[in-house]
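Below, each chain spelled out in residue letters.
There are 2 protein chains.
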Amino acid sequence: MPQGVGAGDDAAVVPFPPASRLVVSSDRIPEDLLARRLGLMSAAEFGQYLVAVSVSDIAAMGAKPLGTLLTLGLTSDFPVDYLRELVRGAVAAGRTWGSPVLGGDTSSSSAISLSSSAFGHLPADRALTRSGARSGDILAVSGAVGGFGAALAYFTAQSEGAAPQLPSKSAEELRARLVRPTPRVDLGPALLEREWCTSCMDITDGLGQSLTELSEASQIGFDIDVEALPLHPLTWEVSKAIGVDPYEIAFGIGLDLELLVTFKADRLREAESVGLTAFGSARAGFTQVRAGGRPAQAGVPGRGWEHFGGDASDFVARAHRPETS
Amino acid sequence: MPQGVGAGDDAAVVPFPPASRLVVSSDRIPEDLLARRLGLMSAAEFGQYLVAVSVSDIAAMGAKPLGTLLTLGLTSDFPVDYLRELVRGAVAAGRTWGSPVLGGDTSSSSAISLSSSAFGHLPADRALTRSGARSGDILAVSGAVGGFGAALAYFTAQSEGAAPQLPSKSAEELRARLVRPTPRVDLGPALLEREWCTSCMDITDGLGQSLTELSEASQIGFDIDVEALPLHPLTWEVSKAIGVDPYEIAFGIGLDLELLVTFKADRLREAESVGLTAFGSARAGFTQVRAGGRPAQAGVPGRGWEHFGGDASDFVARAHRPETS
Chain P
82 MPQGVGAGDD
92 AAVVPFPPAS
102 RLVVSSDRIP
112 EDLLARRLGL
122 MSAAEFGQYL
132 VAVSVSDIAA
142 MGAKPLGTLL
152 TLGLTSDFPV
162 DYLRELVRGA
172 VAAGRTWGSP
182 VLGGDTSSSS
192 AISLSSSAFG
202 HLPADRALTR
212 SGARSGDILA
222 VSGAVGGFGA
232 ALAYFTAQSE
242 GAAPQLPSKS
252 AEELRARLVR
262 PTPRVDLGPA
272 LLEREWCTSC
282 MDITDGLGQS
292 LTELSEASQI
302 GFDIDVEALP
312 LHPLTWEVSK
322 AIGVDPYEIA
332 FGIGLDLELL
342 VTFKADRLRE
352 AESVGLTAFG
362 SARAGFTQVR
372 AGGRPAQAGV
382 PGRGWEHFGG
392 DASDFVARAH
402 RPETS
Chain Y
82 MPQGVGAGDD
92 AAVVPFPPAS
102 RLVVSSDRIP
112 EDLLARRLGL
122 MSAAEFGQYL
132 VAVSVSDIAA
142 MGAKPLGTLL
152 TLGLTSDFPV
162 DYLRELVRGA
172 VAAGRTWGSP
182 VLGGDTSSSS
192 AISLSSSAFG
202 HLPADRALTR
212 SGARSGDILA
222 VSGAVGGFGA
232 ALAYFTAQSE
242 GAAPQLPSKS
252 AEELRARLVR
262 PTPRVDLGPA
272 LLEREWCTSC
282 MDITDGLGQS
292 LTELSEASQI
302 GFDIDVEALP
312 LHPLTWEVSK
322 AIGVDPYEIA
332 FGIGLDLELL
342 VTFKADRLRE
352 AESVGLTAFG
362 SARAGFTQVR
372 AGGRPAQAGV
382 PGRGWEHFGG
392 DASDFVARAH
402 RPETS
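One line per chain: the protein sequences are P and Y, in this order. Here the first sequence is numbered in the numbering used here, starting from 82 and rising by one per residue. Here the second sequence is numbered in the numbering used here, starting from 82 and rising by one per residue.
What the hints contain is simulated information worked out from the structure, not anything from laboratory work. Quick reminder that beta carbons are idealized off the backbone N, C-alpha and C, glycines included.
Reference listing, derived: stretches of chain P covered by chain Y, where coverage requires no fewer than 3 residues with Cβ under 8 Å from a Cβ of chain Y:
1) 92-104
2) 108-118
3) 150-156
4) 177-187
5) 204-216
Turn these sequences into a full structure, and let the hints guide you.
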């Protein structure tokens, strides 16, 4: 089939660094993303978003990206101008993030379907994984979280007539959080070079969901101080405007693409120097949430915006494992 | 997002051979494949098919496969048993073809969407492409063609009450052609090792479409002798049963996954020894079709079963090219 369309061959060919391992990931983007439904996202931004989610997975492993494929199923009435802009946005984003769009597959479909695959490379002997966190490690995040969730909460409430109009500067910044998430393509590989980073993943379904997954993969709990968590300033503004707890927003929702990280306890200064902010530590047993010195009232906030069916993923995993072990 | 589900990390990691280049390809499979609509394809066969089309692209470049990702968008009512069987079929096929399923992305969707990405490796200095055919080269195919097309024509006619029932052995073999196409994972890399193979692609949309694409990529025409073309025996049987020209079937339709190849004219014996059958040669100017010594009545048969929108692919290609040149 017409793959590697950039090259006109069956597949695209990419130089590969010596003594490296291949890292691959794929993502499907719901065609009815809230940002699109609400008319907040341009076609080019949708293309950028499509590349961002796959490339972010590569970065979260500590890998350097090499390239991206787009796989688009389009209805016969899909506007050609929209497609052209979407591809333009994807191509520009891929170039910016060092993961150029190399081709893919565009086919007609009874329903719109948009997905991307990204691939990158890792050294032969190292990777950032979700399973390396150990009791005593410090828990940190790579930037402010909650911006995406605040935007989602605000624009949803607005569309329902349940939110006051924020100043246009705030509204535009919220829109940017929602439609232009940015993968941490430099930080992931930089953390890989540090021996002290013990686990890493990207935040794609809310901080709460990410903490749960990191906890399960590493078989540890966390001691979390929500007051130390760097919330995006607009999370506070939206929280006040619509009357929702800001931590509920940050934990419960959103694709911030920031990295959730653990590292060795004696490396706090180095971690801060690369932009990580500590907000807890790994511990044996269950996760506990504090607000400063006090137990937090709500316990662990929501597990995130679960647009992914856990059951289906489990089936892929289960059906797969016996074949490769 | 939950990629690399086999491993539980953001992405899957694969060892990569030294001094190699990465080859990547992706394909979306229409959820309403005729074989599925007619109830001819099991869930496991659908999974196998999903892997086959991507892996075939890797083989057509002369590359050795390394692995496959599945990207599945599933409706909430998608039967769990069907999904389990689909994944089982994909995993088994990936293992058979040396392209193990390493994970992917399974998400809920308003419509079913199934795609796969495959990746493989090539030496640093060689690849089989579509652009290398030169005037005087011999044109050949890796096996019998038309089996898929014959099956599609037969079962379509049958569903419309326009075909007699063939013997059950023939019908079962036709079903196998339709639902279990097999990528030439050994032959592709074997041809790469031969210096005499000048171009290669897999046949996924009928031989006519493939010839057109090879012709355009290499900027040459072909002198084709249809009487030398190895047709799958069932093409003749179906041709008689439904009253359609067998060459129309082979040229006009079908995903045989055989390799369409050109090679240097003095290597006919070596080419035959690896299973290639010559049926023409490359020439300057337009393609001409003969039947033995006589001009063929119909000229070049149909351009194939175009389930891919040429326009959309072109947009990806055009939007992409300026960024990488």
